[in-house]
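In order, the protein sequence lines correspond to chains A and B.
In this text, residue positions in the first sequence follow this note's numbering: the first is 1, and each later residue adds one.
In this text, residue positions in the second sequence follow this note's numbering: the first is 1, and each later residue adds one.
Just so you know, the hints here were simulated from the structure itself, not pulled from any lab data.
One or more hints might be untrue.
As the list claims (entries may be wrong) - Chain B stretches covered by chain A per the calculated footprint, using a threshold of three residues with CB under 8 Å from any CB of chain A: (1) 13-25; (2) 238-246; (3) 257-269; (4) 315-322; (5) 328-342.
To be verified - DEER-style ranges, computed between Cβ atoms: (6) Asn86(A) - Trp176(B): 55 to 63 Å; (7) Ala334(B) - Ser63(A): 51 to 59 Å; (8) Pro321(B) - Gln67(A): 50 to 58 Å; (9) Leu219(B) - Asp16(A): 15 to 23 Å; (10) Leu111(A) - Glu221(B): 47 to 55 Å; (11) Ala334(B) - Gln67(A): 32 to 40 Å; (12) Asn167(A) - Pro291(B): 20 to 28 Å; (13) Asn37(A) - Ile229(B): 33 to 41 Å; (14) Thr236(B) - Lys146(A): 49 to 57 Å; (15) Pro291(B) - Ala2(A): 51 to 59 Å; (16) Ser63(A) - Met254(B): 42 to 50 Å; (17) Thr70(A) - Trp176(B): 45 to 53 Å.
Claimed, not checked - Covered, in the sense of this in silico footprint (three residues per stretch, anywhere, with C-beta under 8 Å from a C-beta of chain B), are these stretches of chain A: (18) 39-52; (19) 105-112; (20) 142-153; (21) 191-199.
Quick caveat: nothing in here was measured; it's all calculated off a predicted structure.
Backbone N, C-alpha and C define an ideal beta-carbon position, used for all residues, glycine too.
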Amino acid sequence: MAYTILVVDDEPALCDMVSDILKSDGYKVCRAYDCTNAIAVFQDAHPDAVLLDVMLPDGDGFSLFRQLRTIRDVPVVFLSARDEDNVRLQGLGLGADDYITKPFLPQELLLRLHAVLRRVYRLEEQSHLGDVTILWAKATIIKNNKEIALTAKEFALLKKLWDNRGNIVTIDALCAALWDGPLVGYENALMVHVRRLREKIEQDPSHPQHLLTVRGLGYRLNEEAST
Amino acid sequence: MTLRNLMKATLILSLSMMLITVIALGGMMSFTAITFFQDRSATTSTKDISDTLQKTNGQYHLENPALLNDSNRWAILINNNGEVIWQYHAPSSLPTHFNLTDVASFTRWYLSDYPVTTWIRADGLLVLGAPPGSQWKQQLVLSTQSLSLLPFWLLGCILFMLIAVLSTSALLLHHWFRKDQKERDAARSDWINGISHDIRTPLSLVMGKASRLEADPRLPEDAKKEAAIICNQSKTIRDLVGDLNLTMRLDCAMQPLRREPLQPEMIVRQAAADFLNSGMADGYPFDIHLPDMPLPTMNADATLLTRALTNLLYNCVRHNPPGCAIELSARIQATHCLFVVESNSPSHPQQISDGIAPDGNAAHGTGLKLVKQIAQAHGGDAYFTTGECFRCEIALPINGSLL
Numbered sequence: 001m002a003y004t005i006l007v008v009d010d011e012p013a014l015c016d017m018v019s020d021i022l023k024s025d026g027y028k029v030c031r032a033y034d035c036t037n038a039i040a041v042f043q044d045a046h047p048d049a050v051l052l053d054v055m056l057p058d059g060d061g062f063s064l065f066r067q068l069r070t071i072r073d074v075p076v077v078f079l080s081a082r083d084e085d086n087v088r089l090q091g092l093g094l095g096a097d098d099y100i101t102k103p104f105l106p107q108e109l110l111l112r113l114h115a116v117l118r119r120v121y122r123l124e125e126q127s128h129l130g131d132v133t134i135l136w137a138k139a140t141i142i143k144n145n146k147e148i149a150l151t152a153k154e155f156a157l158l159k160k161l162w163d164n165r166g167n168i169v170t171i172d173a174l175c176a177a178l179w180d181g182p183l184v185g186y187e188n189a190l191m192v193h194v195r196r197l198r199e200k201i202e203q204d205p206s207h208p209q210h211l212l213t214v215r216g217l218g219y220r221l222n223e224e225a226s227t
Numbered sequence: 001m002t003l004r005n006l007m008k009a010t011l012i013l014s015l016s017m018m019l020i021t022v023i024a025l026g027g028m029m030s031f032t033a034i035t036f037f038q039d040r041s042a043t044t045s046t047k048d049i050s051d052t053l054q055k056t057n058g059q060y061h062l063e064n065p066a067l068l069n070d071s072n073r074w075a076i077l078i079n080n081n082g083e084v085i086w087q088y089h090a091p092s093s094l095p096t097h098f099n100l101t102d103v104a105s106f107t108r109w110y111l112s113d114y115p116v117t118t119w120i121r122a123d124g125l126l127v128l129g130a131p132p133g134s135q136w137k138q139q140l141v142l143s144t145q146s147l148s149l150l151p152f153w154l155l156g157c158i159l160f161m162l163i164a165v166l167s168t169s170a171l172l173l174h175h176w177f178r179k180d181q182k183e184r185d186a187a188r189s190d191w192i193n194g195i196s197h198d199i200r201t202p203l204s205l206v207m208g209k210a211s212r213l214e215a216d217p218r219l220p221e222d223a224k225k226e227a228a229i230i231c232n233q234s235k236t237i238r239d240l241v242g243d244l245n246l247t248m249r250l251d252c253a254m255q256p257l258r259r260e261p262l263q264p265e266m267i268v269r270q271a272a273a274d275f276l277n278s279g280m281a282d283g284y285p286f287d288i289h290l291p292d293m294p295l296p297t298m299n300a301d302a303t304l305l306t307r308a309l310t311n312l313l314y315n316c317v318r319h320n321p322p323g324c325a326i327e328l329s330a331r332i333q334a335t336h337c338l339f340v341v342e343s344n345s346p347s348h349p350q351q352i353s354d355g356i357a358p359d360g361n362a363a364h365g366t367g368l369k370l371v372k373q374i375a376q377a378h379g380g381d382a383y384f385t386t387g388e389c390f391r392c393e394i395a396l397p398i399n400g401s402l403l
């Protein structure tokens, strides 16, 4: 299913470029250059998500965001040249799904939009980690044709690593994802959960191929087995 | 307005205010002196009048009545028994006999609301009266001990006035300076924000287009390489714009520090992970060193500190050829927590030193300056050394940042 994305930006050249990037990734795109036009297109085209500039000629993106949300609850990603903390936090505080600061790389835009759509529309019911299948809705994995349940902590740990797959996730970020409050002293507990998760997702937990330790920093989850 | 200008203006204003004070004091002293001499002349005139009052053939005669008429005054002469033995234009309400109490009272104060002056004569007491309300009489009695302290009191008063004048002028100028500074900071902030905004949108187009060209399989390799260069340089401009914005905000104290309790190790690990995840570390041996024992919890802005460290790590890559070893560490030294970034490329000069002044401060550019600003915003400082290896130490006070 191709999702329809509404791109709202007062700069036609940028609007065209973003549209091309989205189209090349299989999305359908509709465009608007101001608030008035955006509302009309939003009502006509029923987009599945909106990429919204903050500064528009006939209003600001935050007000437009509120108006759009009263019409229909769709994921909205702000795409703005304003990088001040307070503006970014204002946008996210309103309930936006993400805030991307210009300039951005096309790949970054696609990845972040995809992450939003995946979260909102639950695109992925299941994921594959080598020979292992992860069933997110059931919080289980299938390994060697056998369904294995994950504990709440193991699920949270796997989710955090999967959302950042291919990248190092620090032990501090993992602890923060698993526990609230001060993180000092949780490192050992984290290691226990990592070991148990490895026993479930790795063929040989002593020689992990997917959930790798990055010495002194944290862990990295690779979709494909390391060679 | 620079500090030197501020001090100059403070000095000028202080001197002006002191001059005004001196003029005011001079005026007051002149007034007092004039009044004093007028009173003296009044006293003299009482004596003069007394001299012109002659007794001839048992009758008193005033030789120059104009002395009294001009100032609308009257006169009486009281003999030693308290009887009024002569009068000139005296009010009818005045008694004709005075006892000792009456005399003691009016010589100090007033006689039936008439301000009076007296002169002792051989035949009695001459009393000159002026119209009611024309003169003010005040008794001043000082002990000799108090009088001896008068110079110190005067000196104290002058010192107090001096301090008051200096403080007032300093406060006034500080207020104007702050107002002026705030207005200029706001204008600068608006200007930088505007420039930043105007650069970011076209830069998005440049980065986006270049990135797509780089990934276009139909293009020859040379063209892709050109596109990659454009893309990389665009990223550099993007980072510079971001740094410029942040450095301006820190400079104008417009970047609120979001302090929170954190482990210094967390900052080191996050900066290292960001560095490795960005792919910039490829080809550069990279290591981190943390002490076995946990470092004390600090109260700091995690985002800004991480940015300072990643800035330093990116700088090491930008200014050194592949193969240059980069190291990131943290440790406690006396009262400070030290974050250290070090790069070592013996076969190549450390080009990063271009941005460092001889005294070890950031000389230009926003990268190293930003690192220093972030450290200073946390009450610490950043020190840069170059030579065979580049080294930056960010020292943050533990006490100042502890919860």
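Okay, the hints, checked on the actual structure:
1. Counting residues of the segment 13-25 of chain B whose CB lies closer than 8 Å to any CB of chain A gives 0, so the stated coverage by that chain is violated, three being the minimum.
2. Coverage of a stretch by a chain is defined here by at least three residues with a beta carbon nearer than 8 Å to that chain's beta carbons; for the segment 238-246 of chain B and chain A the count is 3, and the condition holds.
3. Counting residues of the segment 257-269 of chain B whose CB falls under 8 Å from any CB of chain A gives 6; the rule of at least 3 is met.
4. With 0 residues having a Cβ less than 8 Å from any Cβ of chain A, the segment 315-322 of chain B misses the three-residue criterion, and the hint is violated.
5. Only when three residues or more bring their CB closer than 8 Å to a CB of chain A does the claim for the segment 328-342 of chain B stand; here the count is 0, and the claim is violated.
6. Between Asn86(A) and Trp176(B) the CB atoms are about 29 Å apart, so this pair departs from the stated range of 55 to 63 Å.
7. In this structure the hint that Ala334(B) and Ser63(A) lie 51 to 59 Å apart at CB holds, the actual value being about 53 Å.
8. At about 54 Å, the beta-carbon gap between Pro321(B) and Gln67(A) stays in the expected band of 50 to 58 Å.
9. Between Leu219(B) and Asp16(A), the C-beta spacing of about 20 Å keeps the proposed range 15 to 23 Å intact.
10. Roughly 26 Å separates the CB atoms of Leu111(A) and Glu221(B), a value that falls outside the hinted 47 to 55 Å.
11. Checked against the hint of 32 to 40 Å, the pair Ala334(B) and Gln67(A) fails, with Cβ atoms roughly 57 Å apart.
12. Checked against the given bound of 20 to 28 Å, the beta carbons of Asn167(A) and Pro291(B), roughly 26 Å apart, stay inside it.
13. At about 37 Å, the beta-carbon gap between Asn37(A) and Ile229(B) stays in the expected band of 33 to 41 Å.
14. The hinted range of 49 to 57 Å is satisfied by Thr236(B) and Lys146(A), whose Cβ atoms lie roughly 51 Å apart.
15. Between Pro291(B) and Ala2(A) the beta carbons are some 53 Å apart, a value that agrees with the proposed interval 51 to 59 Å.
16. Our hint of 42 to 50 Å for Ser63(A) and Met254(B) is violated, since their Cβ atoms are close to 24 Å apart.
17. For the hinted restraint 45 to 53 Å between Thr70(A) and Trp176(B), the CB-CB distance of approximately 48 Å keeps it satisfied.
18. With 0 residues having a beta carbon nearer than 8 Å to a beta carbon of chain B, the segment 39-52 of chain A misses the requirement of three or more and the stated coverage is violated.
19. For the segment 105-112 of chain A, the assignment as covered by chain B holds, since 3 residues bring a beta-carbon within under 8 Å of that chain's beta-carbons and 3 suffice.
20. Figure legend: the segment 142-153 of chain A, annotated as covered by chain B; annotation inconsistent (0 residues with Cβ-Cβ distances under 8 Å, at least 3 required).
21. Counting residues of the segment 191-199 of chain A whose C-beta lies closer than 8 Å to any C-beta of chain B gives 0; at least three are required, and the coverage claim is violated.
In summary, the numbered hints that this structure violates are 1, 4, 5, 6, 10, 11, 16, 18, 20, 21.
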